[in-house]
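A.B. asks: Sequence:
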Amino acid sequence: MSKLNFKKAVEEEEARLRLLHPTPGDIPGCISVFDDYISCSVIRNQLKSLYRYGQRTNCDRKFEEFKFCLTLKVMHPEEQREAWIRRRAEWWANRRLGKSSEDVWDVRDEPIANFPKPITEELMREAEIRS
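Each residue of the sequence shown is one higher than the one before, counting from 1486 in this note's numbering.
Treat the hints with care, as some may be off.
[What the hints assert, rightly or not] Capping the alpha-carbon separation at 27 Å, the derived lysine-lysine pairs in BS3-like fashion look like this:
no.	residue 1	residue 2
1	Lys1533	Lys1492
2	Lys1552	Lys1602
3	Lys1602	Lys1584
[Said to hold, decoys possible] Here are the in silico distance ranges between beta carbons for each label pair:
no.	residue 1	residue 2	range
4	Ile1604	Asp1545	42 to 48 Å
5	Ala1598	Leu1532	50 to 56 Å
6	Leu1504	Phe1553	17 to 23 Å
7	Leu1489	Asp1545	26 to 32 Å
8	Glu1613	Lys1492	36 to 42 Å
FYI, nobody ran anything at the bench for these hints, they're computed from the structure. Ideal placement from N, C-alpha and C gives every residue a C-beta, glycine not left out.
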């Protein structure tokens, strides 16, 4: 099983997000966050979701992101960046630790010993005999 816990996952995601968004100007503004919410709510996307999945899309998370963005407006730009990175890192950590269709293998910390096997004369002879 995976050795990853929530705290470690958040730390890894924060480090990744700090590299992706090095300055306060790199985090999305409230207008783009509001645009995401509106695009989720439009009738076209709701009908597409209804057709594909049999239910309307839940846009609550996008609306919560917009409200969070509005709360950032009273902070210093660097504090805004840190708060945004922390929130996104927690979201990604929850997503990584939750169930996923990609939960097939655990990531190895080190390679398997003696893999792949070195090709020897004996293996070559066995392959010739089989073919």
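A.B. asks: Just pull the numbers of the violated hints for me, sorted ascending.
C.D. replies: Per hint list: 1, 2, 3, 4 and 8 violated.
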